[in-house]
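Q: Given next are the chains, with one letter for each unit.
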Amino acid sequence: METTIFYIISAIILVFSVLTVTTTKILRAAVYLLFTLVATAAFYFMMEYNFLAAVQLTVYAGGIVVLIIFSILLTHQINLDLKKINSIKKITSGLVSLFGFILIGNIIYTHTFKATSSVIADTSVNEIGRTLLNYGDGGYILPFEVISVLLLAAMIGAIIIAKKK
Amino acid sequence: MDITNFLIMKQELLLTLITLFILVSEIFVSDKRRIIPIAIVLFGIHTLFGFLYNSYGSIFGGMYQNSELVNLMKNILNLGVFIVLLQSSTWLLKEENENKISEFFILTFSTLIGMNFMISSGDFLMFYLGLELATIPMAALVAYNTYDKKSSESGLKLIMSAAFSSAVMLFGISLIYGQFGTLYFSELLSADMTSPLLILAFLMFISGLSFKISLVPFHFWTADVYEGAPTNVTSYLSVISKGAAVFIFNILLFTVFRNIVDVWSDVLYVLAILTMTIGNLFAIRQTNIKRFLAFSSVAQAGFILLGLLGTNELGMATVIYFILIYIFSNLAAFGVVSSIENNSGKLNIEDYNGLYHTNPNMSLLMMLSLFSLAGIPPLAGFFGKFFLFTAAAQNGYYWLIFIAVINATISLYYYLIVVKAMFINKNDSPIEKISNNWYMKTSYIICLIGLIVIGFYSDIFEYINQISIGI
Amino acid sequence: MKFDIYDFSVLTASIHQLLGEMMGETAVMITEMVIVGIVFLTLFAILGLALVYAERKVCAFFQQRLGPMRVGFWGTAQTVADAIKLLLKEPLMTKSADKFLFNLAPFIIIVASFMAIAAVPFALGLQAIDLDIGVFYVTAVSSIGVAGILIAGWASNNKYSLIGAMRSGAQIVSYELSVGLSLLTIVVLTGSLQFSEIIESQREGWWIFRGHIPAFIAFVIYLIAGTAETNRGPFDLAEAESELTAGFHTEYSGMKFAFFFLAEFVNMFIIAAIGATMFLGGWMPLHFGGFTAFNEVMDFIPPIFWFLGKTAFLIFMMMWFKWTFPRLRIDQLLTLEWKYLLPINLINILIMAFIVLMGWYF
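Going down the list, the protein sequences come from chains A, B and C.
According to the numbering used here, the first sequence is numbered sequentially starting from 7.
According to the numbering used here, the second sequence is numbered sequentially starting from 13.
According to the numbering used here, the third sequence is numbered sequentially starting from 894.
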């Protein structure tokens, strides 16, 4: 049962990822991206990483994709199609990605990963919260705080670009 | 955790405080131009504090570490940023930038905070966060001249190539994490990295970082972005950003990836030859001074790799020393370019014809900085390059040094083109006499002192060498 | 506790056992999924019919009219007739619309509310899935719905639709923050995101009474932001009839229009249900400390009625808003959120955290 669901979700992710990059309508690309991201969240739910799944849904599906769609709405007209890529470019990029896929796939498949001996991490919200705000070993308070500086700077940067004279 | 432990990360904390102070002060300062002296003085104090009350150690479970070496790197960057801030005053005081003066300082300081965190990172997570913090606000800085199409275009180019390189790098890091289950540098020190998977991971990592240092073949964004960005941002990008990336590259190669030194020295060997040669050959063809300096900085990055190939304390010391010199030489050149651009709007090398007759002081400074970049003896640049060659020679890379010497000769040729334009070529309508403000003059004097003194005052190199680490 | 006699888990367990005797493990799982799906579909239909009727009646009474009276007793069959009409209508399509996205948009919205309702606790043991991150899950899932609105507005290739979609996008993205933060104020009190635990923690009294003034402020903010998030009046700028014909669903007709309509009412139900669960104790009966006899009497009212009663009360409040207040302008709307609700909310959370830290709540 679980394996079947796994393969179904993987198929969804693969199909929509390919569609995202091949479609000529930009909003459709965004919608396919939404499906890909929601399907990724489904993976997390399947592994019972509920918190991570909900984060994936809020941040990516509800946040980033909505922003992308928003910017398309502001800038793009429905009749505009993206330029069709000529076939030589298609073939070369296809070959390059195939080469990369074979290379990386081959290396990963021939590699023997050692099984981890550590216990499965506790993914309850309480534990995540404690780890996130811990300043000792294995705590993540510093990245947490640095991200806030990053977000502030990014926001100011965005304002600069959008600011009228 | 003790409150005094925060003294270990005082550079970042102080800088964050200054940033927030500027952000808030904007509410109370009616005339935005008054922020320039405030920001510069505050940052000057910060730069001074970098040398005082230092304590070292690692906190936050090893995520953040500070040592004498790391602190020195930060001080070098601070010095460079201080000069950049002085030089950018003319540009910021222009009418079209008047309503966004404070944001320039906020963004610049945020990127510097990112670089500091990147250099002192103790695990890949902090390293990556620092890198992003150093990159994303940078794109906004590059697109700062919103009235200029080129500026916006290059901002987009920067963010796209940065996103792409980050993706590649993250894939590499994820493979390392998948194998060892840890991101901490200290736990990876003894890790066996020789399997094909980890070498692939390392290659991905190195390609990601090479984008930041703009090594060939990852340099395609460099010239376009450097040309489109405001000149002061270009100088920041080419000196400080690159310097920080080289520093962390240095640290990582000598700690986390020390077990695969055979692999990375081969990679760097190829990259060094490519970077030097292609950077130089393209620099010859340029007619725009900013593109010219962009390719020259690509070529300089190739020389830096020579020092990394030294693989011992001397190698690391030479790289840091070279960056220190590079900051003064390149910033002097960019200072002159930005002053001329902001006063006359001219950017082509041809426009520099006869500059000596109208602006003798600036021409002399430009000449000295270009000679220093080329590596002509009495100036600091010569010592920098010489030490880099020595470091590479220790490991017997004689062919590489031979190629590097040829490249240094080629570079001398194109640097001399600019010098010739300024001093010998005749021009009926040369650039008019430019009167620089006090900020600019101060920056010139600092650069001049740096260019001459660092080469002769041998204690600096001795000190760097003494605190450096090797494999 | 007396209300344990109304525990639905006894019923669900016996169904599970019955199915287990009849078929294999995988088949049981699939069958149960199908049953739950059918139950929720039916619930959607009933909710839609009931709420539309309620809306029309409430509206009519506020305007001193009688509302629908002719079909059935007091017009009770009116919405059924309306639904049949919508089913029979021809689905129209503008010529240069993006067909795929145009048809997809209503489904995204419906699916989002379908996912959200799965976590709503209707009564003791009557909850499709009791996630350990319940509250967070609901806010996460409901945030996807806005994508459907934006897509619908763009794919219609109509100016009114586009403007409506933009407004609604800006509105929902902003007010989501306030909804999340006001719920967080209660999470500070409960220390858990799981709905069953949140309800259990209100056994002694509902949080709106026990949580002092901060809880009440959070409740008010939640009601305002929740109303805005469902695009209902006075925040119905997305479909402002007098300016934008019908906003983002101008071009939709027939069943597809009914989907948008249904989603709006179901979302209102979800907002009210979550509000009832977080602030008013969900299905927990009304208890006063010390009044044993009174508490016992209250326990005899089944939890499902408590839940539906509280939810109905909140829905009535939201309808009351709609028919009382005039519509806001878009800039007033954004000012209200970013300059008033958000700062108040953040300070409120701080105060609440302080209260919890000192143990000052009841």
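Certain hints may be false.
Label-pair distances were calculated between CB atoms; the ranges are [claimed, not checked]:
(1) C:T919 to A:M53: 14 to 24 Å
(2) B:G69 to A:A121: 46 to 56 Å
(3) B:T206 to A:S103: 21 to 31 Å
(4) B:T206 to A:M7: 34 to 44 Å
(5) A:M7 to B:V273: 48 to 58 Å
(6) A:F119 to C:I1106: 53 to 63 Å
(7) B:L29 to C:Q1225: 35 to 45 Å
(8) C:I1106 to B:S42: 30 to 40 Å
(9) A:K90 to C:V1113: 49 to 59 Å
Worth flagging that the hints you see were computed from the coordinates, not collected in a lab.
If you're wondering where the values come from, they're calculated on a predicted model, not measured in any experiment.
Think of the CB as a built atom: it goes at the ideal place given N, C-alpha and C, for glycine as much as any other residue.
Q: Which numbered hints does this structure break?
A: 2
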